[in-house]
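Spelled out, the chains give:
There are 2 protein chains.
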Amino acid sequence: MSESTTNVQTIEIRELVEWLSTFGTTNERGVTRLLYSTEWIKAQQALKQKMHEAGMATYFDGVGNLYGRIEGSIQGDTVILTGSHIDTVKQGGKYDGAYGILASFLAVRRLVEKYGPPIKTIEVVSLCEEEGSRFPLTFWGSKNITGEFSITSIDNISDNEGIPFKKAMNDAGYPIDAYSPKKRNDIEHFVEIHIEQGSILEKNLKDIGLVTHIVGQKRYTITLTGESNHAGTTPMDERKDAMVCAAKAISQLTSIAISLAPGLRITAGQLIAKPNVPNVVAGEVSFTLDIRYHDKKVLDSYCEKVIEVLECISNESDIQLSVEKWTDIDPVTLDQSLHELMKKKIESKGFSHMQMVSGAGHDAQVFGRHYPTTLIFIPSCNGISHSPLEFTEDEYLEKGVKVMMDTLYHLAYKGGIA
Amino acid sequence: MSESTTNVQTIEIRELVEWLSTFGTTNERGVTRLLYSTEWIKAQQALKQKMHEAGMATYFDGVGNLYGRIEGSIQGDTVILTGSHIDTVKQGGKYDGAYGILASFLAVRRLVEKYGPPIKTIEVVSLCEEEGSRFPLTFWGSKNITGEFSITSIDNISDNEGIPFKKAMNDAGYPIDAYSPKKRNDIEHFVEIHIEQGSILEKNLKDIGLVTHIVGQKRYTITLTGESNHAGTTPMDERKDAMVCAAKAISQLTSIAISLAPGLRITAGQLIAKPNVPNVVAGEVSFTLDIRYHDKKVLDSYCEKVIEVLECISNESDIQLSVEKWTDIDPVTLDQSLHELMKKKIESKGFSHMQMVSGAGHDAQVFGRHYPTTLIFIPSCNGISHSPLEFTEDEYLEKGVKVMMDTLYHLAYKGGIA
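As given, the protein sequences belong to chains P and U, one line each in that order. Each residue of the first sequence is one higher than the last, beginning at 1 in the UniProt record's numbering. Each residue of the second sequence is one higher than the last, beginning at 1 in the UniProt record's numbering.
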């Protein structure tokens with residue numbers, strides 16, 4: 001491929017990313033595109049037009065996932081599905097989700113331009129929701145395709161302004177009366193590309209991450225109830241100091257996690273103390289624990305240890321313990337049958353690669369429970385995501401598209417035109 | 001003393017406590033009497049009337065401290081000053097400060113009724129402010145008597161509603177133009193009685209606490225600045241987790257304090273994390289440390305250790321450390337020359353007693369830096385204070401008055417009528 005061609009293609013994916021980011025641009029140069037909002041509707045409609053122009057047959061499903069379909073020439077009944085999510089967090093960036101849709105779209109458009117129709121049907125999907133930024137519900141798009149949601153899943157769910165999920169969906173043009181989710185049984189493989197949202201690729205100077213697992217996640221809120229008391233008049237041995245108890249717990253649980261398994265990640269990101277006054281012993285402290293690992297056995301065994309340590313520390317200080325688990329997602333093993341082939345193709349292009357675990361959740365983890373699924377990462381500058389500062393250089397954007405072309409070619413064309 | 005007399009006297013101090021609490025009673029059965037507020041003005045005027053009725057000469061000084069004076073028959077120039085503070089915290093109780101004024105008042109009234117005028121002049125004082133609940137400034141009353149404040153001390157100080165200190169003072173009837181603070185040099189001894197605000201007397205089943213020291217206090221705000229990062233994608237060894245750093249510090253500093261000296265009290269009462277979100281590594285955590293002890297050397301040496309530990313922990317985690325010291329009050333040793341005498345008198349009445357250290361601040365600590373000062377405690381039910389739930393039983397209220405009578409008798413009458 002000549003220098004000039006590379007430049008033209010680089011501009012193509014960059015232009016698409018900038019174009020899509022105009023739907024929901026905020027004053028602070030971020031992007032806010034919440035499920036069923038005006039910006040979201042406009043972005044889906046604009047993408048539909050782009051797909052149409054690229055010769056794809058377009059349609060929406062009952063919840064607003066948008067598809068651009070290229071019919072397979074031989075095995076048309078099974079579908080190679082590829083894409084990512086169109087929604088963003090509030091004040092997010094231009095890449096998270098959006099890049100994945102555009103890279104899939106561009107890869108398919110180029111393949112069709114170069115090789116004509118595939119053997120197997122390809123659908124590019126713009127998934128309606130992954131983040132859960134408007135409503136307290138994640139993976140609305142992918143979990144409807146896999147049949148994991150039903151009408152009761154959105155009963156009594158409203159956004160921060162009190163708008164019910166069902167009303168927002170109805171108003172966006174997806175009639176709630178017609179909602180009848182059903183698992184799609186025609187999907188042979190799901191392929192997603194995403195920015196890493198971390199800095200492992202950047203630090204290892206790699207172009208492409210081949211994701212082997214998506215971590216399981218457990219999230220807890222731990223509430224320690226002691227006794228509020230005067231900081232000056234309460235002897236140390238008569239205190240029921242919830243802050244000291246929380247501090248011991250966070251400190252010990254972190255040390256245990258580090259020594260238990262490399263890659264096990266735990267985060268106490270939120271802590272709320274009451275009354276939270278300098279000269280009063282804290283009577284109550286609540287903190288969260290976010291725990292992630294790709295091996296269910298290790299994850300479960302660490303979580304058992306968490307309860308053990310919390311019970312021990314709270315008993316010592318005569319403090320009441322309450323543990324609420326509000327997230328419990330098992331790790332997902334992705335399809336690695338293509339990795340050896342992909343590595344060779346990637347190397348033949350002069351790109352570098354590494355296998356890695358995804359610490360963040362992705363639509364691929366939902367699909368991965370139902371269909372063979374491939375997930376590919378490109379680097380994120382400084383590992384930043386969910387921020388207007390999200391950035392990936394043109395070079396990597398284009399390398400990602402090329403690897404997507406190879407992957408989709410293998411899945412949908414192989415044995416055909418190759 | 002007959003049973004019936006005891007009952008009458010018991011009712012007297014209880015009635016006074018209930019009466020004074022009507023100035024500033026809140027809906028929640030608490031008392032809010034902030035410096036220079038309408039409730040505060042009414043309470044001082046009502047107390048003035050009570051003093052007048054008891055035969056005292058009354059006057060206010062330039063900042064609103066109220067005095068009831070009984071002229072000494074022989075050594076009239078020096079003054080035995082006794083009292084406490086009239087202001088409360090927001091939604092405080094009936095006893096903190098108020099009981100001290102009323103016990104001093106009642107003790108002096110009874111002494112005069114029984115023995116006539118003292119040899120030395122006695123003044124009962126209702127100090128205008130101790131808590132610092134309206135303006136960010138404590139001990140306004142006592143520090144004006146001891147000459148520690150000047151007009152510049154209240155420059156640019158306003159309450160939460162933006163009312164300047166000087167305006168509030170002026171409007172309450174204490175003209176700012178006439179303000180000319182000067183240390184009183186006629187005070188021979190200051191005597192204060194106060195509720196304990198802790199539960200040491202209650203737990204030790206003692207009626208009276210003879211306070212030997214008031215602790216020194218140092219307060220710090222410690223800010224740890226790390227890096228906000230994704231909880232899933234940031235490896236543990238690449239984190240700059242301000243929460244874990246704070247947890248280690250609070251945990252270690254508490255252990256060190258406990259092992260360094262019995263009675264050393266440290267409290268991390270307030271903690272604020274940013275962004276304080278479950279799935280984001282905390283980029284910044286600020287927490288306060290309140291440190292109290294009665295021995296300056298030990299207090300200072302612990303504070304040096306605090307800095308050492310904080311530097312060590314923050315360096316280990318590559319986290320930026322900022323330490324702001326915003327309170328630095330030396331411990332005060334009170335006059336103990338009366339204690340042996342008082343113990344005998346207390347025992348002869350069948351009351352129990354113990355020497356103790358005050359972990360809370362009191363006006364006595366301001367006076368104690370300038371004049372011989374005596375501070376006496378009575379029990380607080382469950383150690384509760386700064387709350388509508390503040391309570392002390394009639395029995396102890398009355399015992400306190402009796403011990404005040406003995407103490408003031410010794411200081412102002414001894415060698416006279418005895």
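One thing to keep in mind: the hints can contain errors.
Copies of the same chain look alike in the list, so a pair counts if it works inside one copy or between any two.
[Unchecked claim] Cut-off 30 Å, straight-line C-alpha distance, at most; resulting in silico cross-link-like pairs (DSS-like, lysine-lysine):
#1 K305 <-> K182
#2 K325 <-> K274
#3 K42 <-> K274
#4 K296 <-> K42
#5 K166 <-> K182
#6 K274 <-> K90
#7 K183 <-> K343
#8 K274 <-> K305
#9 K414 <-> K345
#10 K274 <-> K203
#11 K344 <-> K325
Quick caveat, the hints were computed from the structure, so don't treat them as lab data. In this text the structure is predicted, and so the values were computed from the model without any measurement.
Hints versus structure:
{"no.": "1", "hint": "K305 <-> K182", "result": "neither (39 Å within a copy, 64 Å between copies)"}
{"no.": "2", "hint": "K325 <-> K274", "result": "both (21 Å within a copy, 23 Å between copies)"}
{"no.": "3", "hint": "K42 <-> K274", "result": "neither (45 Å within a copy, 34 Å between copies)"}
{"no.": "4", "hint": "K296 <-> K42", "result": "neither (40 Å within a copy, 69 Å between copies)"}
{"no.": "5", "hint": "K166 <-> K182", "result": "within (18 Å within a copy, 72 Å between copies)"}
{"no.": "6", "hint": "K274 <-> K90", "result": "both (29 Å within a copy, 17 Å between copies)"}
{"no.": "7", "hint": "K183 <-> K343", "result": "neither (32 Å within a copy, 85 Å between copies)"}
{"no.": "8", "hint": "K274 <-> K305", "result": "both (27 Å within a copy, 27 Å between copies)"}
{"no.": "9", "hint": "K414 <-> K345", "result": "within (14 Å within a copy, 104 Å between copies)"}
{"no.": "10", "hint": "K274 <-> K203", "result": "between (40 Å within a copy, 26 Å between copies)"}
{"no.": "11", "hint": "K344 <-> K325", "result": "neither (43 Å within a copy, 61 Å between copies)"}
The structure fails hints 1, 3, 4, 7, 11 (numbered hints given earlier, in ascending order).
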